[in-house]
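Asker: Please build the complex by placing chains D, L and R on the supplied structure of chain U, with the hints as guidance.
As you go down the protein sequences, you meet chains U, D, L and R in turn.
Take the first sequence: its letter number 149 is residue 149 in my numbering, and every next letter is one higher.
Take the second sequence: its letter number 168 is residue 168 in my numbering, and every next letter is one higher.
Take the third sequence: its letter number 78 is residue 78 in my numbering, and every next letter is one higher.
Take the fourth sequence: its letter number 188 is residue 188 in my numbering, and every next letter is one higher.
No lab work stands behind these hints: they were computed from the structure.
To give an idea of the chain D side of the interface with chain L (calculated C-beta under 10 Å), a few residues:
# : residue
1 : Met6
2 : Phe9
3 : Val13
4 : Glu24
5 : Ala101
6 : Trp103
Sample of chain L residues with no beta-carbon within 10 Å of chain D, all distances over it, derived:
#  : residue
7  : Asn71
8  : Ala101
9  : His130
10 : Gly131
11 : Ser132
12 : Ala137
13 : Ala151
14 : Ile157
15 : Phe161
16 : Phe172
Residues from chain R that keep clear of chain L, each with C-beta distances beyond 10 Å, as calculated:
#  : residue
17 : Asn71
18 : His80
19 : Trp103
20 : Arg124
21 : His130
22 : Lys145
23 : Pro158
24 : Gly169
25 : Phe172
Here the structure is a predicted model, which means the values were calculated and not measured.
Ideal Cβ positions, reconstructed from N, Cα and C, are used throughout, including at glycine.
Protein chains: 4
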Amino acid sequence: MSKTRMEAFSDGVIAILITIMVLELSGPHEPTLEALRPLIPTFLSYVLSFVYLGIYWNNHHHLIQAVQHVNGRVLWANLHLLFWLSLVPFVTNWMGDNHFAAWPVALYGVVLVFAGIAYFILSRALIALHGSQSTIATALGSDFKAKISVALYLVAIPLAFVYTWIACGVYFFVAIMWLIPDRRIEKTLTK
Amino acid sequence: MSKTRMEAFSDGVIAILITIMVLELSGPHEPTLEALRPLIPTFLSYVLSFVYLGIYWNNHHHLIQAVQHVNGRVLWANLHLLFWLSLVPFVTNWMGDNHFAAWPVALYGVVLVFAGIAYFILSRALIALHGSQSTIATALGSDFKAKISVALYLVAIPLAFVYTWIACGVYFFVAIMWLIPDRRIEKTLTK
Amino acid sequence: MSKTRMEAFSDGVIAILITIMVLELSGPHEPTLEALRPLIPTFLSYVLSFVYLGIYWNNHHHLIQAVQHVNGRVLWANLHLLFWLSLVPFVTNWMGDNHFAAWPVALYGVVLVFAGIAYFILSRALIALHGSQSTIATALGSDFKAKISVALYLVAIPLAFVYTWIACGVYFFVAIMWLIPDRRIEKTLTK
Amino acid sequence: MSKTRMEAFSDGVIAILITIMVLELSGPHEPTLEALRPLIPTFLSYVLSFVYLGIYWNNHHHLIQAVQHVNGRVLWANLHLLFWLSLVPFVTNWMGDNHFAAWPVALYGVVLVFAGIAYFILSRALIALHGSQSTIATALGSDFKAKISVALYLVAIPLAFVYTWIACGVYFFVAIMWLIPDRRIEKTLTK
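So here's chain U without its partners, still in its complex pose (with noise of 0.2 Å):
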């Protein structure tokens, strides 16, 4: 079974949620610049969340661009992880409408916690359908960033409740190490 539809499906869910946050940002009625200050929270967190989102789709490209074939149960997976991903717009509007508060962080970290553990099954099923020697195995390795980064939300979780902007910091500082693109795929591809 080809890809190229999957690629195409992710493609259209991601450009999607990574936009229609920006519908949140709605401009106030009052042409001032004192008009804009109480939508700076939600603007923050729309930064972070496209950011992310940013990620996941640069991620989903480098690991598909990886993979030769996929079958039933990986388009499964994949479903499962745009689930969450639709999930990211709600979380940050209501962290942004609500100041970074306790409960809309610690949620935040949740949806980022199941998409990373989802993304974690995206590409055990990729592994498992073209075997342990395959590009996609080699480039993976122990995946030890995507673990790490899942061990850094949980972290991040409880911390919302006691010191919030800390909790902020974590997914600020994990997006940050994202960035920085998944040269394991690029330099196994390009051996």
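Answerer: Chains D, L and R in isolation, oriented as in the chain U frame:
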């Protein structure tokens, strides 16, 4: 006539439908867990519809993969299917917003019935184009699963007015039944 | 210049337009059949516009299929068509919300006229690029159907202020006339 | 790394941005011509942004067409451009809603400046990847048009607080200047 643009357009429409439903899940203005509770029916309704649209995309993928070309009639049969799927966000929202009340649950079933019929018409239009000895005709066979699904929806619609939750249970049951991808086409293709 | 990205972009825009209209169909807050009744004009208006956008996508598909390449002028002629199509959700919503009143019905016709002209300009730009002996020039011929459609919309616009429902009838009639796919191109291509 | 998915994702995002702006144009509840009058600034603002996003799509198309492959750095430069473009619906809406008042007009210019810079960064990342003797490097040259555009936006931003309409005029002027497609790339490619 090549099938690529029909695939791309269908992917686009289904990707949008599966994601705009999440716009209904607007975050509450209080940052508390209790504020999320009223969203539970909307969320459950969203999950059900996400799975249904995922199933349709998955089956559509399998279906179109098994064919070589399309014609004007197939394009319209496809648009007809997309029309019924486009009503899914509306009924999802109505059902979730009214906590799975009788009428919305019944209407949800009506939309599923018409989507099921539209899918059947599309598959027949494809078989008519490729001949009764084609891969697609062999792979689909009598299409028992599609027929039983429509039959189950037809049972669930009147049931919604008596035991609403059983009707909902039927929708969840059919969804789970379809989560197992359509192996028939995969098997026929790899023969 | 290859035509694939123009196809992909047009597919994306039309897919979004055809689906965002459904956002206007927000479920009522009561779970009764009577609560749905006020939505009937909005629903009918949605069905009409779904069919029109389906027709444009279908004809666009046939048109671009008959050409080999595009240039900057064609890209802008295409964006010009997409601009007028992008106004369809607005007039659809205004027409449905006001129960097919005179002014909205007339404006719906105006948008259809401009979309029709934009489609004509696009087809001429494609013929200019491929020559008067090309497949596309032969297939389109004098393009009688497109001309008669614009003429009928022009009749319907003033009629909207006298017999509004006849004007609506004209829109439905033209839509049905176009439901028959553009066999000219299919025939010319298979010759 | 192939460029097709980056094209598909960018097409998706720009297609969504260009169409969701129309959601702001919600039909008034009275079916009269006077009821449409308050929408005129929003409509003009929509037209301007439609043209700008059309220009970006068009130039992006020309740019990517001239390159053979992409890398992780290009993917992020592209996402960075999409981020600034994603703010266009927000500033469009704010500007239209406030009848082209000083602050919104100035902020519109700020977003255009950053989008212009992001486009410049993307083109440099592509030149860095393909070498200074490549098609893309020759085609873009000193990229005078992109530089003069950013310079004009920078003039328009302070001007918005003195002669707001002249600032708007500058945006329209730059848009018209770009409506002429980027012949440099077309010429270099056909050499």
